[in-house]
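Residue numbering for the sequence shown follows the UniProt record's numbering, starting at 1 and increasing by one per position.
The set of hints was computed from the structure by calculation and includes no laboratory data.
Be a bit skeptical, because a hint or two may be false.
Simulated pairs of lysine-lysine, DSBU-like, Cα-Cα distance not exceeding 30 Å [as the list claims (entries may be wrong)]:
1. K311 x K214
2. K578 x K728
3. K260 x K309
4. K552 x K728
5. K728 x K716
6. K134 x K283
7. K229 x K306
8. K229 x K343
9. K748 x K641
10. K283 x K205
11. K283 x K309
12. K179 x K283
13. K493 x K578
14. K748 x K589
15. K608 x K632
16. K552 x K493
17. K205 x K260
18. K283 x K229
19. K311 x K343
20. K552 x K589
21. K731 x K748
22. K214 x K260
23. K493 x K311
24. K716 x K731
25. K721 x K665
26. K134 x K343
27. K229 x K179
28. K665 x K641
29. K262 x K311
30. K311 x K205
31. K262 x K214
32. K134 x K214
33. K632 x K721
34. K205 x K309
35. K432 x K728
36. K229 x K205
37. K432 x K205
38. K214 x K229
39. K179 x K665
40. K552 x K731
Fair warning: this is a prediction, and the values are worked out from it, not measured in the lab.
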Amino acid sequence: MLGICRGRRKFLAASLTVLFVPAVTWIYLFAGSFEDGKPVSLSPLESQPHSPRYTASSQRERESLEVRVREVEEENRVLRKQLSLAQSRGPAHQRGNHSKTYSMEEGTGDSESLRAGIVAGNSSECGQQPAVEKCETIHVAIVCAGYNASRDVVTLVKSVLFHRRNPLHFHLIADAIAKQILATLFQTWMVPAVRIDFYDADELKSEVSWIPNKHYSGIYGLMKLVLTKTLPSSLERVIVLDTDITFATDIAELWAVFHKFKGQQVLGLVENQSDWYLGNLWKNHRPWPALGRGYNTGVILLLLDKLRKMKWEQMWRLTAERELMSMLSTSLADQDIFNAVIKQNPFLVYQLPCFWNVQLSDHTRSEQCYRDVSDLKVIHWNSPKKLRVKNKHVEFFRNLYLTFLEYDGNLLRRELFGCPSEADVNSENLQKQLSELDEDDLCYEFRRERFTVHRTHLYFLHYEYEPASDNTDVTLVAQLSMDRLQMLEAICKHWEGPISLALYLSDAEAQQFLRYAQGSEVLMSRHNVGYHIVYKEGQFYPVNLLRNVAMKHISTPYMFLSDIDFLPMYGLYEYLRKSVTQLDLANTKKALIVPAFETLRYRLSFPKSKAELLSMLDMGTLFTFRYHVWTKGHAPTNFAKWRTATTPYRVEWEADFEPYVVVRKDCPEYDRRFVGFGWNKVAHIMELDAQEYEFTVLPNAYMIHMPHAPSFDITKFRSNKQYRICLKTLKEEFQQDMSRHYGFAALKYLTAENNS
């Protein structure tokens with residue numbers, strides 16, 4: 001912006017110089033051409049050598065003056081040439097385009113503005129600041145439905161937050177799926193000076209369901225028509241955005257355009273940059289009526305108060321009913337109806353410069369909207385092809401989009417200094433908890449992790465599953481990071497039931513996972529796997545937080561608490577469903593133990609029965625899990641008894657016991673104080689015992705741990721003495737908390753720990 005203003009000042013200075021210098025020169029010459037009140041001729045032909053007044057001195061002065069005149073004229077010629085070059089080479093926002101439709105400076109709505117096209121463009125930005133107060137709240141409305149649109153909204157919001165300097169209030173018209181995803185995301189994102197309100201899109205369906213729509217956006221693509229009715233009556237103006245928008249500037253600049261509306265202008269729109277509404281794309285192409293090329297509704301400025309007074313609801317409904325009698329359905333959803341209304345009422349529109357909606361679909365004239373990166377304001381991926389759209393600068397646009405797609409959202413949690421923000425109870429409680437910690441404590445980082453709020457994106461991919469009606473359904477629960485991604489396909493092949501996974505990833509890794517999943521036939525064929533992204537923050541792997549996230553978002557009455565490195569036996573899903581019925585898990589506090597084994601071989605012929613597994617145990621191909629390094633973890637399972645057992649049998653809790661269990665969904669959560677490696681499962685099993693869960697081993701169930709490189713956290717545990725000291729401290733504090741919470745019965749945990 002500063003560069004633009006400097007360029008215009010140079011332009012102005014050059015213009016003044018061209019006009020001012022010749023004028024001063026000729027005044028000077030004219031005044032100097034008089035002697036004693038009589039004009040003196042400058043022409044040598046008129047000079048009289050025999051005149052007594054004519055002297056050698058005056059001749060020299062006259063010659064010097066003529067030389068100066070020629071110098072000034074040459075300077076003027078050079079200045080005019082420079083000025084001409086500046087006009088011809090200047091950026092598109094400094095000159096009008098021959099095509100009114102795509103002029104960078106256009107901003108119209110009446111004939112007067114048409115004659116002065118540059119008024120609504122960037123020309124005003126040099127002389128004055130945008131008419132937006134420092135702490136004025138900017139209102140943005142977005143219609144969002146489904147899993148894919150929820151992902152797109154995040155990228156849009158990132159681009160807005162990156163550039164913004166004002167408080168923001170997002171009004172999200174969302175279906176139940178999008179609301180669940182985005183409510184959790186924004187609650188855990190905790191961005192200062194951002195408010196979110198949701199409006200039930202499903203309740204609005206009846207308002208537009210009578211309109212047949214062929215557009216891929218479906219019924220939700222019509223809901224922008226009812227925003228005057230949906231949004232609060234106190235809201236006077238709002239920016240409406242599609243989910244496939246990327247901002248390249250501060251949204252306050254667009255908000256400032258509201259101040260340029262005149263008369264009855266209530267809609268701010270950019271002209272459509274394709275030939276769709278011209279009706280010449282193919283033979284018999286018959287689009288809805290539109291004014292010229294029509295307008296694109298990916299970016300809309302709505303003056304809600306005036307629209308309500310104009311009876312907008314009645315206006316668009318009558319127009320739609322009339323046009324549908326001949327058109328039968330819409331092709332471009334709400335955009336067709338907006339354009340039909342504008343065709344009848346052109347005075348409603350304030351035409352925005354096209355850089356506020358650079359439309360990247362095939363065969364558009366978007367390239368006429370910009371001549372430099374600085375010209376870009378808003379990019380609109382309004383083609384079903386999205387990033388695969390045809391445009392000679394598509395690589396640049398794609399990289400800009402990918403920048404925000406993979407940008408660390410945690411960096412956008414920045415304060416707007418000088419702007420008071422609404423009190424956030426969660427944020428205040430968090431700050432209070434953190435302030436009570438001792439920063440000089442050597443275990444401070446461990447304690448702090450317990451209170452860290454990790455940004456969480458639920459159901460990152462499409463999820464669709466209805467639990468079995470017999471109330472026996474079981475969900476496999478696990479957590480993982482990027483280095484365990486290769487286990488997903490194998491687990492899906494072994495477990496046909498629903499799965500809930502929490503993935504600890506960075507923003508960039510989340511996109512890598514998305515590409516991996518979309519390229520996998522196995523994963524894409526499964527719609528009963530819930531992928532919940534917990535974004536990286538801090539130096540520890542929050543293993544128990546991840547487990548809690550995965551546990552919390554299951555839709556079945558029971559869950560199998562596993563780890564990502566284990567492959568369940570073939571048929572385990574159906575076996576567990578039968579077991580929960582036989583053992584009356586619905587009415588008893590039981591934890592069903594699935595015995596765990598391990599192999600040291602990366603390529604294993606997986607046993608298809610218990611008999612085959614016992615044979616492999618005898619041959620040394622398989623081992624009981626952690627038999628060589630951590631016997632206490634699974635010894636209470638009593639593998640010797642399991643070898644010959646044909647019915648479930650009960651075992652007692654012992655110190656450091658950490659089996660993998662099937663429990664009801666209402667079981668206690670994992671304790672978040674345990675992060676990384678060590679005691680994360682042990683503490684959970686201890687609490688189940690404290691709550692009087694009965695541990696029952698299933699005789700015909702098993703799972704096998706597959707080999708992998710040691711995790712970073714176990715490496716830290718082994719190499720860092722302070723890590724081990726802090727883990728011991730956390731264990732002692734947990735046991736003390738258990739004693740306080742469960743009383744006398746919990747004293748056995750202290751005794752067992754001392755004896756172990």
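Does K205 sit within 30 Å of K432, going by the straight-line distance between their CA atoms?
violated, 43 Å
Is the Cα-Cα distance between K283 and K205 30 Å or less?
Judged against 30 Å, a Cα distance of about 34 Å means the pair is violated.
Pairwise hint evaluation, K343 against K311, where the allowed Cα distance is 30 Å at most:
Roughly 17 Å between the alpha carbons, so the hint for K311 and K343 holds.
Taking 30 Å as the top limit, are the C-alpha atoms of K716 and K731 close enough?
holds, 18 Å
Does K179 lie within 30 Å of K229 when you go C-alpha to C-alpha?
holds, 20 Å
With a cut-off of 30 Å on the C-alpha distance, tell me whether K214 and K260 pass.
violated, 35 Å
Satisfaction of hint between K214 and K311, Cα-Cα up to 30 Å
Judged against 30 Å, a Cα distance of about 27 Å means the pair holds.
Take a quick look at whether K552 and K493 sit within 30 Å of each other, Cα to Cα.
Roughly 24 Å between the alpha carbons, so the hint for K552 and K493 holds.
30 Å limit on alpha-carbon distance, applied to hinted pair K493 and K311:
Given that 30 Å is the threshold and the Cα spacing comes to 58 Å, the pair is violated.
Check the hint pairing K179 with K665 against an upper bound of 30 Å on the C-alpha distance.
This hinted pair holds, its Cα atoms lying about 23 Å apart.
Tell me if the straight-line CA distance from K283 to K309 falls inside 30 Å.
Outside the cut-off at roughly 41 Å; violated.
Proposed proximity, K260 with K205 (alpha carbon, max 30 Å)
violated, 34 Å
When the structure is compared with the earlier hints, violations turn up for hints 2, 6, 10, 11, 12, 17, 18, 22, 23, 25, 26, 31, 32, 37 and for no others.
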